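Chains as they are written, first to last, in numbering that gives the first Met the number 0: chain A, 0 to 359; chain B, 0 to 359; chain C, 0 to 359; chain D, 0 to 359.
Simulated from the structure, these hints should not be mistaken for laboratory data. Treat each hint with caution, since some may be false.
It does not matter which identical chain is used: a pair holds within one copy or between any two.
As the list claims (entries may be wrong) - Below, a list of computed lysine-lysine pairs in the BS3-like style, where the Cα atoms sit at most 25 Å apart:
#  : residue 1 : residue 2
1  : K31       : K355
2  : K73       : K31
3  : K73       : K19
4  : K73       : K355
5  : K86       : K324
6  : K31       : K19
7  : K52       : K86
8  : K56       : K86
9  : K324      : K276
10 : K19       : K86
11 : K269      : K310
12 : K276      : K317
13 : K19       : K324
14 : K324      : K355
15 : K324      : K52
16 : K317      : K269
17 : K355      : K269
18 : K310      : K324
Being a predicted model, the structure only gives us computed values, none of them experimental.
There are 4 protein chains.
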Amino acid sequence: MSSTFGTLLKVVTFGESHGKGVGAVLDGCPSKINLSEADIQRQLDRRRPGQSKLTTKREEPDRVTILSGVENGKTLGVPIGLLVANKDQKPGDYDAMQFVPRPSHADYTYQMKYGIRSVSGGGRSSARETVGRVAAGAIADKFLFETFGIEIVAWVQSVGDVEASFVDVDGISREDVDQTIVRCPDRITADRMIQCIDEVRDRNDSIGGAVTCVCRNVPPGLGEPVFDKVEAKLAQAMLSIPATKGFEIGSGFAGARMLGSQHNDPFILKGERLGTKTNFSGGVQGGITNGEPIVFRVAFKPPATIGVPQKTVDFEGKQTVLEAKGRHDPCVVPRAVAIVECMAALVIGDFALQQKYRET
Amino acid sequence: MSSTFGTLLKVVTFGESHGKGVGAVLDGCPSKINLSEADIQRQLDRRRPGQSKLTTKREEPDRVTILSGVENGKTLGVPIGLLVANKDQKPGDYDAMQFVPRPSHADYTYQMKYGIRSVSGGGRSSARETVGRVAAGAIADKFLFETFGIEIVAWVQSVGDVEASFVDVDGISREDVDQTIVRCPDRITADRMIQCIDEVRDRNDSIGGAVTCVCRNVPPGLGEPVFDKVEAKLAQAMLSIPATKGFEIGSGFAGARMLGSQHNDPFILKGERLGTKTNFSGGVQGGITNGEPIVFRVAFKPPATIGVPQKTVDFEGKQTVLEAKGRHDPCVVPRAVAIVECMAALVIGDFALQQKYRET
Amino acid sequence: MSSTFGTLLKVVTFGESHGKGVGAVLDGCPSKINLSEADIQRQLDRRRPGQSKLTTKREEPDRVTILSGVENGKTLGVPIGLLVANKDQKPGDYDAMQFVPRPSHADYTYQMKYGIRSVSGGGRSSARETVGRVAAGAIADKFLFETFGIEIVAWVQSVGDVEASFVDVDGISREDVDQTIVRCPDRITADRMIQCIDEVRDRNDSIGGAVTCVCRNVPPGLGEPVFDKVEAKLAQAMLSIPATKGFEIGSGFAGARMLGSQHNDPFILKGERLGTKTNFSGGVQGGITNGEPIVFRVAFKPPATIGVPQKTVDFEGKQTVLEAKGRHDPCVVPRAVAIVECMAALVIGDFALQQKYRET
Amino acid sequence: MSSTFGTLLKVVTFGESHGKGVGAVLDGCPSKINLSEADIQRQLDRRRPGQSKLTTKREEPDRVTILSGVENGKTLGVPIGLLVANKDQKPGDYDAMQFVPRPSHADYTYQMKYGIRSVSGGGRSSARETVGRVAAGAIADKFLFETFGIEIVAWVQSVGDVEASFVDVDGISREDVDQTIVRCPDRITADRMIQCIDEVRDRNDSIGGAVTCVCRNVPPGLGEPVFDKVEAKLAQAMLSIPATKGFEIGSGFAGARMLGSQHNDPFILKGERLGTKTNFSGGVQGGITNGEPIVFRVAFKPPATIGVPQKTVDFEGKQTVLEAKGRHDPCVVPRAVAIVECMAALVIGDFALQQKYRET
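Modelling step: build the complete structure from the supplied sequences, incorporating the hints.
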């Protein structure tokens, strides 16, 4: 029921991993935005499978078609239909799953919820569902940058125990991030991350990781307390991405160990406007942006589909051993960077539009 | 604009810290539920100020009145109006705030968003706003227990660096939690937490902490992917509580450091139904409950209002030193336990009602 | 479940006819609007019972209290809580209804829907529920006038077969309408309407009527196609008022008998802007306002509660004769005028706020 | 912003008249419903252009493709993507419109709202937009019939002044309706309607009409007061269809002229359940279904695009004469029958799902 997200900027996604295609409808995008398929393709290319040795070998070109809402290169202010055809379907790989629910995957829960499930490829629970989000989010990302100058950049913060050291949240760009296939802008750490993923894949295992994201030039005043606070909707958006287990904004869980006298961000004058000296708040206070960079982190668990044999039971409760074949990512974070950015753009884009009714 | 939360079970809260009262309207509560003001009062008492030496000395009895929706002790299925009058108002304490935005509080952002703000007591950004959530959530909590047998129990997991050791998520009760004023069921740790808070308060400082929550007996199949996944709506609900900075479900950020072969939860037969051997998933898979306990954690920053003098600037950018007087909590987590439980009840309650349309 | 209405300007109403009170929470009202209880009281006084010999003799002063959202006479941009205490409760009048569902009232359907119902006074199905709408709508009405100069005026168009002749939609004011107790600005017809209602009441019967409403100075561009067209949301708003059976905009059902060459409204230049020569469209084209006055009509059936003995059956199906006592309106339209205006204000207010995100 | 409709059963439509295609995503459809493209095609064929001499000569086969949500002929409970490619585009026909807003069409209002508009064919304001509604509504129609036995049948009640006499609301079927190309089940009147439309078309003019719709076997208890009453959401749904100007349920505007003693529907025993002797209520009381047939009427204005020369002004205010070429319907009601049924199905379907959470 809830493949729909947003208040004024509303997205609905559709499509299963092994059906005709996946896509989205973006309702509420402002009119007169310059928009081409290439604008959207850029982010889809950053999330598509087969882009590097770190990702699944499935080759899906993931070419987007704009079905509606754009005429002569400009948005009309009406729903934008987006479709990506599914190309590389190998239903055979998934046969065992018909009787055995994969551990930590959604086979069992979808069956319990709907009394039926897509037996090939995980259906809606597949990471392929995020194609629609990325396509729609890329549009939000574009108008946020063009209209407000807002920049959203995410990167891989950690893979397993390998953690990036200092990243300059004020200066980092997507180009910096894309310098390495693992999408960690700290080059030395990036090499160690790549090595870590290589080893894990060679053992037919998988590994978790974390993504950090910064949103810069966000004007103060965005966010809709008390339930649609900036951090609340970002948290929902991020925890709706497959394989996520945690969300932190600003100081996050580390903030729970601090004193108020350490954690408070004193105000200072930054040019014409008030800013804060530190940014433990992560760019939000009382659920509303304060003009400082929004900084948040997202935890991704290791992918559930692994080649390592797993002792489990089938739907009837009979013991069995599951050994996934298929072609799966050993680690999702390099591809997740674009998904995190696009979901953040949908959230911030919605807030930016909502705030406009308060301006005079 | 968004003091409204929920799809079928919808709550709107209202009220400022120093106005006539705070409250909520709960729309969508099932009919024929036994409900009295005492049922709601129980949770309000657990969140009210002045309940122990660990909380602010403001004494607010926070007596709830049911304005509508209940007749002869039973819910009618129509909106339930809930009102708690404000009693103990000392506007004088807040005078300096008119010109100086308190660091890490919402004075500045509310002013930027609305072009006006409640100058006494923080208005809607005050923790007092949570009275309405707790009142509404206590009703959800009641029908979840009576209709489904669902039990929701939260406790203080950490205060600063003091962290509870083992807590039995399968057995813990609210009575266990309430054994100590800090609401940590691990008695030895509880003493150290109390001591920590005492010391912090004596220094006019404040300290952060974390709350863990378990939801037991939740049937499999709840949750509305892809955007209203269980963890996504729980994350939104928790990050909408004042002072929160992080959310984790199941393995959380620790899961980002694990291998798939460690993290996957193998299925086993538990009586008549499938269960999982471990619960790194935290009770959800693919955004849908799997019948295992839902376990999540919430990080709370240290309260922003501290007596320690703070160098900051006023709205004009002029340097000043702020020294809050007022009466404030040195640590919010002992009172936050009830808020976390009530917000969880609103989320799970909404999912439980939504799932009913799929049953036949 | 759906006592909530609106997208950015959201109202929830609560309260039964014989409970503690009725009211509303208005979420999304712009900040910095001058607002006092007197502003709201004006419209409540026009809908309250006992205001003239044409209405029920129940005397309810219906004094509103603003519970939240306003400080020093200005709105804060946060939810405005509104409460009207119930004063004049005579539960005894309604005893027979416990066993016999009143024909064309909601006793039977509420029982079937909720498995329970408020046995005293109709609960939520009572016209008393509209107090909350009027209180909230009066606020929308105020900011529409102050911010945009929008004027909303409704009047009684017909009572039974007695129909008002020409009313000047461009000039009519609420003062004109209130010149007669029946609220028909055509004085001669008004006298006949009053006489008609007097006769009907003397026979213990009731009679239907129609209300026409005009919204002037509405800027072009409001309305959210394709589902939230202006006429669509007005129709929903009007048909949600108790006792309504029909809605027409512009030409209405008469338009269904016309030729395109008669019905089309040619464009002409009106000062600086385009206007239309005729207004069969009723101020909307393609679901969006065109700057001409929005004109619509609402049909109200005769009140269901009548003193005339009615042959019917009880809940068990046993034949009986029902003879309502109580004190009821013989005709709802004189009091409905304020309700229609306030619901229109909520609809137009929401559209006005939504459109602001498209302006640059 | 509001191409989205519904609470649990949610539809979003997309597509312009002269873009790549039109379609819809239906979110919330129950799982395990048998569904094929043929099921949907049936209603699309009844609304498509070129189906008889009464409709525009544009030939659009309007073949639907199910993009997602169905596997092996059964719904999965996830979003169903629906696409109809646009075939017959003749942008040349619309050239004059670039500078002259067509009277009573949406060129002017779209331009005012969005600052841009689709210059070819009306974009979203075109009746072509209803393809998505019909495709989605056909699915709701199917599960309403299969799950609840609910039957929805609409027919042409009037064309201009030609009005159908008695139609048996209890027995009429879609087959009866489709016996004549004008879709009026009263054969003699149908001939006169056809003759009327022929004459109007020969004069390059257009004419209005009305559609009546009955929903049978709807269980008592559906509808979500106080704002989402059955009649309120039906009214919104109907007034969101292009060219509609009015909505009536049950007695409608005629009810506004009746006495309560005439209008009240006395209860009688109908087999095991309570029914009503008359049905002036139109199947709803207090906004909730009472088990009697829901009967409502919708007024359609004459199509705005006519060949008759019209004196009007261009966007600059300069006088001009407009003479539409293109190929347009002289009367929309024969094709509107399927649209009315499908919109009714979306409304009733949503209510049916919502009510399930109240059953035990």
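Hint-by-hint comparison with the structure:
Taking CA atoms no more than 25 Å apart as the test, K31 paired with K355 passes in both settings, with 17 Å inside one copy and 15 Å between copies. With identical chains, the CA atoms of K73 and K31 are at most 25 Å apart within one copy only, with a shortest distance of 5 Å there and 36 Å across copies. Within a single copy, K73 and K19 get their C-alpha atoms only as close as 28 Å, which misses the 25 Å cut-off; across copies the closest is 15 Å, which meets it. In this assembly of identical chains, K73 and K355 lie within 25 Å of each other by CA distance both inside one copy and across copies; the values are 21 Å within and 20 Å between.
For the identical chains of this complex, K86 and K324 are intra-copy neighbours only, at 19 Å inside a copy versus 43 Å across copies, given an alpha-carbon limit of 25 Å. In this homomeric assembly, K31 and K19 come within 25 Å of each other (Cα to Cα) only across copies, at 19 Å, whereas the closest approach inside a single copy is 31 Å. Proximity of K52 to K86 under the C-alpha cut-off of 25 Å is restricted to the intra-copy arrangement: shortest distance 20 Å within a copy versus 42 Å between copies. Taking the closest pair of Cα atoms, K56 and K86 come within 25 Å of each other only inside a single copy of the chain (13 Å); across copies the shortest separation is 37 Å, beyond that limit.
In the homo-oligomer, the alpha carbons of K324 and K276 lie at most 25 Å apart only across protomers (23 Å), although the nearest pairing inside one protomer, at 52 Å, exceeds that limit. Taking the shortest alpha-carbon separations for K19 and K86, both the intra-copy value of 8 Å and the inter-copy value of 21 Å come in at or below 25 Å. In this assembly of identical chains, K269 and K310 lie within 25 Å of each other by CA distance solely across copies; the values are 15 Å between and 59 Å within a copy. Proximity of K276 and K317 under a CA criterion of 25 Å is satisfied inter-copy only: 15 Å between copies versus 60 Å inside one chain copy.
Only within a single protomer do K19 and K324 lie at most 25 Å apart by alpha-carbon distance; the minimum there is 23 Å, versus 39 Å between protomers. With identical chains, the CA atoms of K324 and K355 are never at most 25 Å apart, being 51 Å at best within one copy and 36 Å at best between copies. In this assembly of identical chains, the alpha carbons of K324 and K52 lie at most 25 Å apart only when taken from the same copy (18 Å versus 59 Å across copies). For the homomeric pair K317 and K269, the shortest alpha-carbon distance between copies (12 Å) is at most 25 Å, but the shortest distance inside one copy (65 Å) is not.
Taking the shortest Cα distances, K355 and K269 sit within 25 Å of each other inside one copy (24 Å), while across copies they are farther apart (30 Å). For the identical chains of this complex, K310 and K324 are intra-copy neighbours only, at 15 Å inside a copy versus 61 Å across copies, given an alpha-carbon limit of 25 Å.
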